[in-house]
Amino acid sequence: MLFERFAGKMLTVCLRYSTDRMEAEDILQDAFIKVYKNLSQFKFEGSFEGWIRRIVVNTALKNCQKKRVKFDEIKPDTSNAGTQDPLVYTHLNEAELMKMINCLPDGYKLVFNLHVIEGYSHEEIAAMLNIKDSTSRSQLVKARRYLQNEIQKIQKSIAV
Amino acid sequence: MTDKLFDDFVKDKLKSYDSGAPMHVWERIREKDKSDKKGFFFFRRYFLTGIALLALTGIAYLTWNAVSNNKNVKDYSTKNEKIKIQQENKNQNSTEINKIQKAQNINTGTEKEEIGKASNIPADNQLQTENVENKNNISTSVNTSTAVIKDSDLKYRNKFNQTVFNKRVNNKQSSITFITEDKNPDLVMPSVKTVVKEWALNFTDPAAFKFSKRNFNIGNVPQPNNKPSCPTISGPRRNDLYIEVYGSPDYTLRSFSNTSAFNGYVAQRKTTEDNRNGFSTGVRIAKNINEKMLLKAGFNYSQINERLRVINENEKQLTQIITIRTIIRAPGDTLFIRDTTYFEQTGTRYRTFYNRYRFIDLPIMFSYEFGNPDLLSFAINAGPVINIASFYKGSILDTGYNPVQITTAKGSAANNWRHNIGIGFMGSIAVYKRMNERLQVFAEPYFRYNFKPVTQNSNVVNQRYFISGMQLGLRYNLHNERQRFR
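First to last, the protein sequences are chains A and B.
Position in the first sequence (from 1) plus 15 gives the number in my numbering.
Position in the second sequence (from 1) plus 1125 gives the number in my numbering.
I should point out that these hints are in silico values taken from the structure, not numbers from a laboratory.
Certain hints may be false.
[Stated by the list, open to error] Now the stretches of chain B that chain A is said to cover, found in silico as 3 or more residues with beta-carbon under 8 Å:
hint, stretch
1, 1132-1145
2, 1388-1395
[Claimed, not checked] Keeping only pairs whose Cα atoms sit at most 25 Å apart, straight-line, the calculated DSS-like set for lysine-lysine is:
hint, chain 1, residue 1, chain 2, residue 2
3, A, Lys171, B, Lys1129
4, A, Lys147, A, Lys82
5, B, Lys1129, A, Lys52
6, B, Lys1140, A, Lys58
7, A, Lys168, B, Lys1138
8, B, Lys1129, A, Lys114
9, A, Lys81, B, Lys1157
10, A, Lys168, B, Lys1129
11, B, Lys1129, A, Lys82
12, A, Lys81, B, Lys1577
13, A, Lys49, B, Lys1159
14, A, Lys49, A, Lys82
15, B, Lys1395, B, Lys1140
16, A, Lys49, B, Lys1421
17, A, Lys49, B, Lys1157
18, B, Lys1136, A, Lys114
19, B, Lys1136, A, Lys168
20, A, Lys77, B, Lys1421
21, B, Lys1421, B, Lys1577
22, A, Lys147, B, Lys1129
23, A, Lys49, B, Lys1395
24, B, Lys1136, A, Lys171
25, B, Lys1395, A, Lys77
26, A, Lys52, B, Lys1157
27, B, Lys1535, A, Lys82
28, A, Lys114, A, Lys82
29, A, Lys114, B, Lys1138
30, B, Lys1577, A, Lys171
31, A, Lys52, B, Lys1136
What you are looking at is a predicted structure, and each value in this text was computed from that prediction instead of being measured.
We put the beta carbon where it would ideally sit given N, CA and C, even for glycine.
If we strip away everything but chain A, and leave its shape as in the complex, we get (with noise of 0.2 Å):
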């Protein structure tokens, strides 16, 4: 069945752009419906888990629209980033992953998720949240910056 099937990854992709589990699953069960209302349009181009997603992004992306996401600058704190233990990465999993995305302001989330997960471009990314393209590279660094340093912290934890 279509929804058991790709129910779960596609709740991931929610989660990531929804700051509860409740919120994430509006915004998958809003994806579906158009899932099923629009199933006729799938052309067999690509792959049909690719088109599933856009689907849902662009869901989530209209929901976060509503929420108005303002693009806030923070100031991370960058003194040791890039320095991380590769152990601590090996040690890292998914659910602490997603807990620390799900920690970075709306801004950061947003474009690091539409950047490095879904494989979006600046410019693409500055078309679909009319932003300039400069801002969602900047939002990307600092995005990056934000969970190196989270990560570096678990890093010294574990160290500990």
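Based on the hints, put chain B in the right spot on chain A.
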């Protein structure tokens, strides 16, 4: 680790990460799909029912008209009877045919009297009448002292038991109407004779008169001196005042428009609330404006019933257990030991709330009536409905999916509703069946559209109700006489 490696690491980790399919979401999707189909079905059913009702009403009306007309035509064509009306003109000015000054004598005699042929009437005094329906020329003869009308002059016998004669005098189309309560046309004339004798007057326009067994009317006629004032040419005016009492089983349609709530909130509301039946009852006064139009106004009370079912999974129930033990160590030495323990139970909690939404309204409707008032008549009604007050009792889900009581206090939460929903529109089609001279029963399918939502302006969702139902009631005529004079 470079940025590229970091990105790849995150992507690999999360790209295929499965958070587990939430099957209750699937249930919600199925429910929504079902309710959407249901909504469409209901809309289509109401639409088709409305069309069918309109079609049936139209067919019934046309059939009734056709049967009535055919019957009259048949009656007059099969009976080879002729009616002769002689009017003696007291006024000596006989040169103008359009001045029949006085009818002195009506020579009806027996019911089967011979009528003088039109051919022996002077040509300049001949009145030509057009029979529109039968496409036959009808002639009516009038001379200075005698007016002769053949049975072929009868144009039609209409639904009000009026026998109408059409005449053309000096290119002026006029009509003479006999009104009788008897269906047998043979019985028309004696009463006509009496009336005409009684009301023999000077006419400046010979065609502009109308008389009946009970009422005799002359209109558009300059009245000679020393004559009593006459009723209008249109006859006694309708002067009805009805009181209508009705009750109706209702079904309510509901619409949501999401202003600032999560998309899932509306879906959750739709899946948890159902059973929107209800009823309405009211009383109204109807007064005719003219022969066919009525103005109706009154009070209407309607109630919508709704059921909210909330299922809380993983509900924890904490039970406090206090155990008191009494130990009697010696007479007079009693020890009480009190133990308090807690028992936590996890399960699914089902809660059902029965909501009642009540509205008091002032409907003002314009009504167009047609059909046979003595048998079966129909009306098309439309007009505004002004809400006087609205009352709500019950609970709905808030944006956190917790049941909260509906209130009319100011606020932007989902449970802040209006005390007054303003103006709506109501349309209906009614069928009236006469029971006796004053009483009629009616059935009236109606639809009410509310322009304003029940929720307040700043609410997270806008929620509106549209009520449809079938009013069944009684109509009593308080003033059962027609107005004779202006």
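Verification of the supplied hints:
Counting residues of the stretch 1132-1145 of chain B whose C-beta sits closer than 8 Å to any C-beta of chain A gives 12, which meets the bar of three, so the coverage hint holds. Check result for the stretch 1388-1395 of chain B against chain A: holds, 4 residues qualifying (beta carbon to beta carbon below 8 Å, three or more required). Taking the CA atoms of A:Lys171 and B:Lys1129, the gap is about 23 Å. The hint holds against a cut of 25 Å. Taking the CA atoms of A:Lys147 and A:Lys82, the gap is about 19 Å. The hint holds against a cut of 25 Å.
With a C-alpha separation of about 38 Å, the suggested pair B:Lys1129 and A:Lys52 falls outside the 25 Å cut-off, and the hint is violated. Taking the CA atoms of B:Lys1140 and A:Lys58, the gap is near 23 Å; set against the 25 Å cutoff, the hint holds. For the proposed pair A:Lys168 and B:Lys1138, the alpha carbon gap of about 19 Å is at most 25 Å, so the pair holds. Our distance criterion of 25 Å between C-alpha atoms is met by B:Lys1129 and A:Lys114, whose separation comes to about 21 Å.
Proximity of A:Lys81 to B:Lys1157 is assessed by CA-CA distance (about 22 Å); at most 25 Å being required, the pair is judged to hold. A threshold of 25 Å between alpha carbons decides the hint, and for A:Lys168 with B:Lys1129 the separation of about 21 Å falls inside it, so the pair holds. The straight-line distance between the Cα atoms of B:Lys1129 and A:Lys82 is roughly 31 Å, outside the 25 Å bound, and the hint therefore fails. Taking the CA atoms of A:Lys81 and B:Lys1577, the gap is about 24 Å. The hint holds against a cut of 25 Å.
For the given pair, A:Lys49 sits about 15 Å from B:Lys1159 by alpha-carbon distance, which is consistent with the 25 Å threshold. About 21 Å separates the Cα atoms of A:Lys49 and A:Lys82, which keeps this hinted pair within 25 Å; it holds. Proximity of B:Lys1395 to B:Lys1140 is assessed by CA-CA distance (about 34 Å); at most 25 Å being required, the pair is judged violated. Between A:Lys49 and B:Lys1421, the direct Cα distance comes to roughly 48 Å. Violation of the 25 Å bound is thereby established for this hinted pair.
About 12 Å separates the Cα atoms of A:Lys49 and B:Lys1157, which keeps this hinted pair within 25 Å; it holds. A C-alpha spacing of about 15 Å is found between B:Lys1136 and A:Lys114, which places the hinted pair at or below 25 Å, so the restraint holds. Distance hint between B:Lys1136 and A:Lys168 is fulfilled; the C-alpha atoms sit about 21 Å from each other, no more than 25 Å. For the hint linking A:Lys77 to B:Lys1421, the alpha-carbon distance of about 49 Å lies beyond 25 Å, and the restraint is violated.
Of the pairs offered as hints, the one joining B:Lys1421 and B:Lys1577 holds, with about 23 Å between alpha carbons and a cut-off of 25 Å not exceeded. Annotation: proposed proximity of A:Lys147 to B:Lys1129 holds, straight-line Cα distance about 22 Å (limit 25 Å). Of the pairs offered as hints, the one joining A:Lys49 and B:Lys1395 holds, with about 18 Å between alpha carbons and a cut-off of 25 Å not exceeded. For the suggested pair B:Lys1136 and A:Lys171, the alpha carbons sit about 24 Å apart, so the restraint of at most 25 Å is met.
In summary, the hint linking B:Lys1395 to A:Lys77 is supported, as the alpha carbons are separated by about 22 Å, within the 25 Å threshold. Under the criterion of a C-alpha separation no larger than 25 Å, the hint pairing A:Lys52 with B:Lys1157 is consistent with the structure, at around 12 Å. Annotation: proposed proximity of B:Lys1535 to A:Lys82 holds, straight-line Cα distance about 24 Å (limit 25 Å). Between the alpha carbons of A:Lys114 and A:Lys82 the distance comes to roughly 21 Å, so the proposed pair stays at or under 25 Å and holds.
Proposed proximity of A:Lys114 and B:Lys1138 is supported: the alpha carbons are some 13 Å apart, at most 25 Å. For the given pair, B:Lys1577 sits about 60 Å from A:Lys171 by alpha-carbon distance, which is inconsistent with the 25 Å threshold. A C-alpha spacing of about 30 Å is found between A:Lys52 and B:Lys1136, which places the hinted pair above 25 Å, so the restraint is violated.
Against the hints set out earlier in the document, violations occur for numbers 5, 11, 15, 16, 20, 30, 31.
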